[in-house]
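Make the full structure from the sequences, and use the hints.
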Amino acid sequence: MKRRTTLAAFALALTAALVAAPSASDAATIVLPRAGQVGFAFSGQAGTLLRSGGFGQEFGSGGGLAVRLRYRMRFERAMGLTFDMQRLGARDASGDLGAFDALTDAPVVTRDQLRLNNAGLEFYQMFDTRTRTTRYLSAGFGLSQINAKLSNGETQYPRNSSDALYLSAGAGIERFFWRSWAYDVGVRYQALLHDGGLNHGIQANAGFVFYAAY
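Using the working numbering, read the sequence shown as starting at 743 and increasing by one per residue.
In short, the hints are calculated from the structure, not lab data. Don't take every hint at face value.
List of simulated lysine to aspartate or glutamate pairs, EDC-like, C-alpha gap at most 16 Å [unchecked claim]:
1) 891 with 843
2) 891 with 854
3) 891 with 937
4) 891 with 818
Here it is, written out as structure tokens:
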């Protein structure tokens, strides 16, 4: 119930960000980004793993933070770096054998949280870049460092490797509200490939992006 409440609150925050956007009468204060400018995006995110895959069977939903750099190019395209961390709670805390080795002192000690630290490259196709509401589609790839937080405060790493490859695809909007500041709201699908297995994740993010002038 607590997780559902958190996700619902996040969804309301996304809606409020759009509703609070200024009216068209404030358009004179908007400075739209141009090709060659870099945007710095900061956002909170909520995500979940589907039950398929070694991690998804044991871990479910949680929150995180993301930092993204977007370099605007010609022809309504962009590319950039993304760094984010996710903390996903256990569906049913245990120490059984899964993507991790079984805990020898279970059930006294359990795996309570999955921690993902992602770094990757993203490409964007943008639309309506001459308006205050820019829409975009994204695709990317990168590496994810993975570990689990145990109930005793220790850290456990997955079998064979703590690194995984991820592929992502998403969509979102930038809604400019003052000069080169915009609300940044989006959703993203993430495929996590680890140790021959495939895990599926869905994320929603809301935050701000600022384009530096030059």
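Hints, one by one, checked against the model:
A threshold of 16 Å between alpha carbons decides the hint, and for residue 891 with residue 843 the separation of about 13 Å falls inside it, so the pair holds. Using a Cα cut-off of 16 Å, the hinted pair residue 891 and residue 854 holds, with the two alpha carbons roughly 6 Å apart. Using a Cα cut-off of 16 Å, the hinted pair residue 891 and residue 937 is violated, with the two alpha carbons roughly 20 Å apart. Between residue 891 and residue 818 the CA atoms are separated by roughly 42 Å; this puts the pair beyond 16 Å, and the hint is violated.
Of the numbered hints given earlier, the model fails hints 3, 4; all others are met.
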